[in-house]
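Colleague: Sequence:
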Amino acid sequence: MYKGYFGLKESPFSIAPNPRFLFMSERHKEALAHLSYGLGETGGFALLTGEVGTGKTTISRRLMEQLPENTQAAFILNPTLSSQELLATICDELKIRYRKTGATLKTLTDKIYEKLNKNHQANLNTLLIIDEAQHLAPEVLEQLRLLTNLETDTKKLLQVILIGQPELKQLLQRRDLRQLAQRITARYHLLPLTKDEVGHYIQHRLSVAQCERMLFERAAVAEIHRISQGIPRIINLLCERSLTNAYCSNNALVTKKIVLLSAQEALGDEYQATYWWQHKAVKALAACTVLAVIVSSSYFLGQFFGEDINETSALNITEPAVNNLISDTSAKALIAAANESLATNNKKTPDENLVAVTTDNASKVFEIESDGDKKRAVEQRIVTADNTANVLMPDKNSSEQLSTLADSKLAEDKATSKVKEKLSVKAVDGVSDDLLALFQSAIDDTEQDPQFKNSANQAVEPEVNAPTLSDMPAWVQSELPSLNFQQHIYTSEGESWVKVNGRDRYEGDTISEKLVLNHIYGQKVILTFKGQQFSLPALSSW
Numbered sequence: 004m005y006k007g008y009f010g011l012k013e014s015p016f017s018i019a020p021n022p023r024f025l026f027m028s029e030r031h032k033e034a035l036a037h038l039s040y041g042l043g044e045t046g047g048f049a050l051l052t053g054e055v056g057t058g059k060t061t062i063s064r065r066l067m068e069q070l071p072e073n074t075q076a077a078f079i080l081n082p083t084l085s086s087q088e089l090l091a092t093i094c095d096e097l098k099i100r101y102r103k104t105g106a107t108l109k110t111l112t113d114k115i116y117e118k119l120n121k122n123h124q125a126n127l128n129t130l131l132i133i134d135e136a137q138h139l140a141p142e143v144l145e146q147l148r149l150l151t152n153l154e155t156d157t158k159k160l161l162q163v164i165l166i167g168q169p170e171l172k173q174l175l176q177r178r179d180l181r182q183l184a185q186r187i188t189a190r191y192h193l194l195p196l197t198k199d200e201v202g203h204y205i206q207h208r209l210s211v212a213q214c215e216r217m218l219f220e221r222a223a224v225a226e227i228h229r230i231s232q233g234i235p236r237i238i239n240l241l242c243e244r245s246l247t248n249a250y251c252s253n254n255a256l257v258t259k260k261i262v263l264l265s266a267q268e269a270l271g272d273e274y275q276a277t278y279w280w281q282h283k284a285v286k287a288l289a290a291c292t293v294l295a296v297i298v299s300s301s302y303f304l305g306q307f308f309g310e311d312i313n314e315t316s317a318l319n320i321t322e323p324a325v326n327n328l329i330s331d332t333s334a335k336a337l338i339a340a341a342n343e344s345l346a347t348n349n350k351k352t353p354d355e356n357l358v359a360v361t362t363d364n365a366s367k368v369f370e371i372e373s374d375g376d377k378k379r380a381v382e383q384r385i386v387t388a389d390n391t392a393n394v395l396m397p398d399k400n401s402s403e404q405l406s407t408l409a410d411s412k413l414a415e416d417k418a419t420s421k422v423k424e425k426l427s428v429k430a431v432d433g434v435s436d437d438l439l440a441l442f443q444s445a446i447d448d449t450e451q452d453p454q455f456k457n458s459a460n461q462a463v464e465p466e467v468n469a470p471t472l473s474d475m476p477a478w479v480q481s482e483l484p485s486l487n488f489q490q491h492i493y494t495s496e497g498e499s500w501v502k503v504n505g506r507d508r509y510e511g512d513t514i515s516e517k518l519v520l521n522h523i524y525g526q527k528v529i530l531t532f533k534g535q536q537f538s539l540p541a542l543s544s545w
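Here this note's numbering is used: position 174 in the sequence shown is 177, and no number is missing along the way.
Among these hints, one or two may not hold up.
To be verified - When the alpha-carbon atoms are kept at most 27 Å apart in a straight line, the in silico DSSO-like pairs for lysine-lysine are as follows:
hint, residue 1, residue 2
1, K114, K103
2, K158, K109
3, K158, K172
4, K533, K502
5, K158, K121
6, K198, K259
7, K259, K6
8, K158, K98
9, K172, K32
10, K103, K121
11, K502, K517
12, K198, K32
13, K260, K198
14, K158, K114
15, K517, K533
16, K98, K109
17, K121, K98
18, K12, K259
19, K6, K260
20, K121, K109
21, K32, K158
22, K6, K32
Calculated from the structure, these hints are not laboratory results. Please read these numbers as outputs of a predicted model, since none were measured by experiment.
Using the sequences and the hints given, assemble the complete structure.
Modeller: Below is the structure:
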């Protein structure tokens, strides 16, 4: 239809594998050279693979055109055959006469062997080319290998070329076909055309059709390469439809717009137009832009609202926002509150405001409401709800203060119990009154001893406050060796000890190089590493 319009003698982009239109790119030349080498004097198997439409069949036909005169070739295009059908097809291609009814595998194999010997004696080479070989069954491939067993001292009497898609290479990797794979003397995988080769390919086919001018714009050629991915069969489809559309629209040249329209018509569902905003580079740029806007907006909003958030103002309490949580002031209650406060503080931000209230001297633990949230703190009972409250910022060491108060309370209770408790001897059956009186006298003498009184009333040494390890510089956290506290024994008499990394350690011991255990308290330990003092919770690991 368009041949006269563009001055063409024949259709240049027919999908039929016409050897006259064969464009020998560098890859095609290499493929042909590999096949020719595989058909050398030694013979055997040669393998040519490639994607659909890359020109494998056309190369095989060019190879057959270049075969020497002393070569008899058999070309099989439909390999979906059984072993017996394949042997029968080989006999037909090599013009071997055989009884078609009742022919067995042995009969056909003997006929082929007989033909191979005759050709060898006549100085003729026998070549078998099988296209679409990826469809061959494994047992059929094994039968082919058995045919190549016939050989002389110097060469195989049957040479075989297997041509197929990439699945053929996977098929030959089967363990039961390893003997055949070892006989392949030449392999080549045919790749698609490059962008420059696509332009040369189009011009070559136009020249064979006796059109010396380029009918495709440069942008159209680039679009053809992008859509076809360099596969000649798809290039032919696009060019054929593009010339038709250019003729129908009275265009002297094929433009990019015509190529896009032709792709939709020729490829149908296989082609999906990619608009400019769908390209990966555009998507990546858009994502980076959105991310930059979000980051900058967050920064400026933080600067704008940060002052209001961090600014604290005085509050007047008209009604106490305090609930009595624990009335028990014993050490156990304080330790429980300290542990729960530690878990709560780990979840809070340092910008939350706490409200302190005026109290009397009755120590209690309260739950304080702040901004709809609740915090626990050790405070004193409220006297009035009309006093002006002072504004305090939360103390990140509130849990440590609770722990300190709990430890001191525990020590105080223990010391008090020692002083207040007076030992007395009670009557026991079977023990005389004289012996009981002797025991009571010894106890009284001991309690009156000044050394005993001093030890009972000895003041508990206050705890050393140190920052937690998480608040230490990064180099301390990274260089600190591994620590695993397995046991924690605390006594107010100074005999506390811990088991760390499998060994018992006491206050003042060196755990490892430049790491010293300074103090052991009820809920934590104090350590020094390279001059930096910090605390770790009891029975923790690092």
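Colleague: If a hint holds in the structure, say so; if it doesn't, say that too.
Modeller: A quick look at each hint next to the structure:
1. With a C-alpha separation of about 12 Å, the suggested pair K114 and K103 falls inside the 27 Å cut-off, and the hint holds.
2. Restraint check for K158 and K109: satisfied, since their Cα atoms lie roughly 24 Å apart, inside the 27 Å limit.
3. Proximity of K158 to K172 is assessed by CA-CA distance (about 25 Å); at most 27 Å being required, the pair is judged to hold.
4. Of the pairs offered as hints, the one joining K533 and K502 holds, with about 22 Å between alpha carbons and a cut-off of 27 Å not exceeded.
5. Distance check on the hinted pair: K158 and K121 sit about 15 Å apart at the alpha-carbon level, within 27 Å; holds.
6. Of the supplied pair hints, the one linking K198 and K259 holds, its CA atoms being roughly 15 Å apart against a limit of 27 Å.
7. Restraint check for K259 and K6: the C-alpha separation of about 21 Å stays at or below 27 Å, so the hint holds.
8. This hinted pair checks out: K158 and K98 have alpha carbons roughly 23 Å apart, not beyond 27 Å.
9. Proximity of K172 to K32 is assessed by CA-CA distance (about 21 Å); at most 27 Å being required, the pair is judged to hold.
10. Of the supplied pair hints, the one linking K103 and K121 holds, its CA atoms being roughly 21 Å apart against a limit of 27 Å.
11. A distance of roughly 18 Å separates the Cα atoms of K502 and K517; the hinted pair therefore holds under the 27 Å criterion.
12. Pair hint K198 plus K32 holds up; C-alpha atoms about 18 Å apart against a cutoff of 27 Å.
13. Between K260 and K198 the alpha-carbon distance is near 19 Å, which keeps this suggested pair within the 27 Å criterion.
14. Of the supplied pair hints, the one linking K158 and K114 holds, its CA atoms being roughly 20 Å apart against a limit of 27 Å.
15. For a cut-off of 27 Å, the pair hint linking K517 to K533 stands: about 5 Å separates their Cα positions.
16. For the proposed pair K98 and K109, the alpha carbon gap of about 18 Å is at most 27 Å, so the pair holds.
17. Distance hint between K121 and K98 is fulfilled; the C-alpha atoms sit about 13 Å from each other, no more than 27 Å.
18. Taking the CA atoms of K12 and K259, the gap is about 25 Å. The hint holds against a cut of 27 Å.
19. A C-alpha spacing of about 21 Å is found between K6 and K260, which places the hinted pair at or below 27 Å, so the restraint holds.
20. Between K121 and K109 the CA atoms are separated by roughly 18 Å; this keeps the pair inside 27 Å, and the hint holds.
21. Taken as a hint, the K32 and K158 pair is honoured in the structure, with Cα atoms around 26 Å apart against an allowance of 27 Å.
22. Taken as a hint, the K6 and K32 pair is broken in the structure, with Cα atoms around 30 Å apart against an allowance of 27 Å.
In terms of the numbered hints stated before, the structure departs from hint 22 and from no other.
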